[in-house]
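Colleague: Residue numbers (the numbering used here), protein chains in the order written: chain A, 59 to 508; chain B, 59 to 508.
Some hints could be false.
Between beta-carbon pairs, the in silico distance windows are [claimed, not checked]:
| hint | chain 1 | residue 1 | chain 2 | residue 2 | range |
| --- | --- | --- | --- | --- | --- |
| 1 | B | M403 | A | R84 | 27 to 35 Å |
| 2 | A | G111 | B | E274 | 52 to 60 Å |
| 3 | B | A283 | A | Q107 | 56 to 64 Å |
| 4 | B | A435 | A | R187 | 36 to 44 Å |
Keep in mind that the hints were calculated from the coordinates and are not lab data.
Using N, Cα and C, we set each Cβ at its ideal position, and we do this for glycine too.
There are 2 protein chains.
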Amino acid sequence: MAKLAAPSGFRDLLPDQYRKREDLIRRIRTTYESFGFEGMDTPAVENLQVLLGKGGGENEKLMFRVLKRGAELERARAAGGELADLAMRFDLTVPLARYYATHRAALPAVFKRYQIGPVWRAERPQYGRFREFVQCDVDVLGSASMAVEADVILAAATALGQLGFEALIVRLNSRPLLAQLVRQCGVGDEQLGAAIVGIDKLDKTPPDAVRAELAEKGVPDAAAAALLDLHARSRAADGADLLSEVGERVGAAGAAAVSQLREVLTLTPPLPSGARLAFDPFLARGLDYYTGPIFEIAAAGVPFSLGGGGRFDELVERLAGVKVPACGFSLGFERIYTLMEERAMFPAAARAADVLIAVPAAEALGDAVRLAAELRATGLRVDSFPQPGKLGPQFELAQRKDIPFAVVADPGRLAAGTLEVRDLGTRQSAQVARAELAAWLRDRLASAGG
Amino acid sequence: MAKLAAPSGFRDLLPDQYRKREDLIRRIRTTYESFGFEGMDTPAVENLQVLLGKGGGENEKLMFRVLKRGAELERARAAGGELADLAMRFDLTVPLARYYATHRAALPAVFKRYQIGPVWRAERPQYGRFREFVQCDVDVLGSASMAVEADVILAAATALGQLGFEALIVRLNSRPLLAQLVRQCGVGDEQLGAAIVGIDKLDKTPPDAVRAELAEKGVPDAAAAALLDLHARSRAADGADLLSEVGERVGAAGAAAVSQLREVLTLTPPLPSGARLAFDPFLARGLDYYTGPIFEIAAAGVPFSLGGGGRFDELVERLAGVKVPACGFSLGFERIYTLMEERAMFPAAARAADVLIAVPAAEALGDAVRLAAELRATGLRVDSFPQPGKLGPQFELAQRKDIPFAVVADPGRLAAGTLEVRDLGTRQSAQVARAELAAWLRDRLASAGG
């Protein structure tokens, strides 16, 4: 017998986890749909050639490749050739580019889409990192307007607000502006990438360590000093002032980027749940495909971001040969789920059923099934226990499934028309007429907040 | 550039398809949850050894295997060994057995679960057959009571009834009873399987062709004649009479199976939407793992079943070494979806948004985004167009997304406090005060049945 567990790095979802994750997906989807984003999906796998060499970077190396089959496999094996023809998707962006290239003619000119689904990466299994995890993206393809940035920022902040996150902060920057700013401080084009990576660490690493790293990468001391100074002041200053100051520093070369950011700040309405949008001249984002505004969202007291995104006007062309402006926001589904779990942010209402029909004796089974159907027809969610017998284990099962009430389908009482209902929280029982049972339960469930 | 389409045999979901499929999943899930079934999930892949040689039969040959990685792959390749360590799940039953073996201690004694998700099979691509498709299973593990059969039959019939299927018929048989009946007609144990397969074709194939097939398989002529005669009478007779007749024929050897079927017929309450439950002594079901009652559900005028299932008390032990009685019902998700699409059974309400904010001029963009947020806060679903410009293309986009109304965010009118609302169905416009806009739209949407 093989090892009977999910493969290393993969997870099973127990009912409670499944319920919470589905609840989370449903709520994010509801918010995104309220903005006119349309759901869509792509297959779990893509042709290997579609995923290869398309800027996936590290993720590309982590692909799960799917073995060719039959004669093709034999040929590849004999010839020492490529053994795979498909690979499991490692993100939702490369498949989006491919999907857009395939279906462009059938899609609206401005395509607002969301996609929530699993992706797979052969990461080394470790605590909190999984090989199958959910991504949750909104993207708008087909518009270069900064109203798109405002739209995806507002939608993501609204979604997190609806989930119960407060005091959210959205940091906003521009990739070309950041490059220009770093250049203006005296960093040459060769060191640009390294300087951005180094500065990006300043919120978590002591300045001297960053200074040393910059020196090692060949960034001149004067340039490093200018960057560190500007960084320190950016952390103290107010957003609007900062944008003016940065605008003056970069001059004409960064004017277009500054004007885009001003537009995003103007177009974005006040964010819900006390969320704030603020310019951060040192926000960098990891991926190198951004061409305009970039942003990241974080919650008070959480040391990592809950999502981020930006404009990527050249990516779809690079991946799929179709030129189309694009901008998106990706929520960190697994982080959000874990945080909500830790902070008990899931509503208690997500229970398996409202009531269990317990069956003390075999001759009551048929009546129990009918009673369950009768209650269900009134809109209640009703579990029925299939094995007649002692009530203790049946009540225990109900409690285990968070079912608040049990009705005892006693044959004698069923005939008499009055049933015993047990409140599994208080362990108190009541006698209720069968005809009034549905109303009685609904009343108690409503007052219990369910 | 690689071929820019989904891999052969795989499908992209366009927004309209996605919306309908998600709607279908949501409705089935709601019904199953109202019966106390709990959702759960397993990874897309399992360890190859878990899926190999476990009775998957033909499906096992159709597995997509996932290539080993790194040094392990090099070793396997050099040694001519197994190149894969994982495989994509080809059904939801083998993973359920593995899941149960892994998590038994954390699951209730009677585990009622549903699972809805994709499975993958490397079928030869052909019309209407896909390599990635959704399965939709309910199963109860841990009870040998016939109330379980009644529960899953009622749940499946209720789910299909809720979707709008009428005059459903559930055919009921018992695998051991069928074997006993065929034996009793004079078929030897060697020919048992072939005889059952042959008789199973009688509803679609002329009797003479079946007779010839049976003769070829070595079934004695007298036995074939007895089977064909019984089959012909079964199609004319009434279910209850038939069960008595079959009971007499099989005698003591089939008494337990007959009594189980009687119990299922007694315990199942009247099915909703005019669905009927009827004994069919020749229902066979393809899979060989059934150990008790089996059933299939069909809709009036549809030449194929919409789902089926049965009791499989030995399968979990065979697959995962844990002895536990089990019974389940699997709905044919893809067939149901296709049929509902063909018959226009999806509700029209599944539109992308309630209203689009159209933007004639750039200076109105900010106000348009604020107006959208304002309307959204009242519960409306509001799309906003990011590119200011001519209204024609914006109205066209709204119509393409089935959005019934467009509000024109004209800067002058916004300042005056009265806005133009266009009904995209009638192409008529109305002037509505901004303060009354949400109520006005809600009113029109409600009267349009939305």
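Colleague: Failing hints, ascending?
Modeller: Violated: hint 1 alone.
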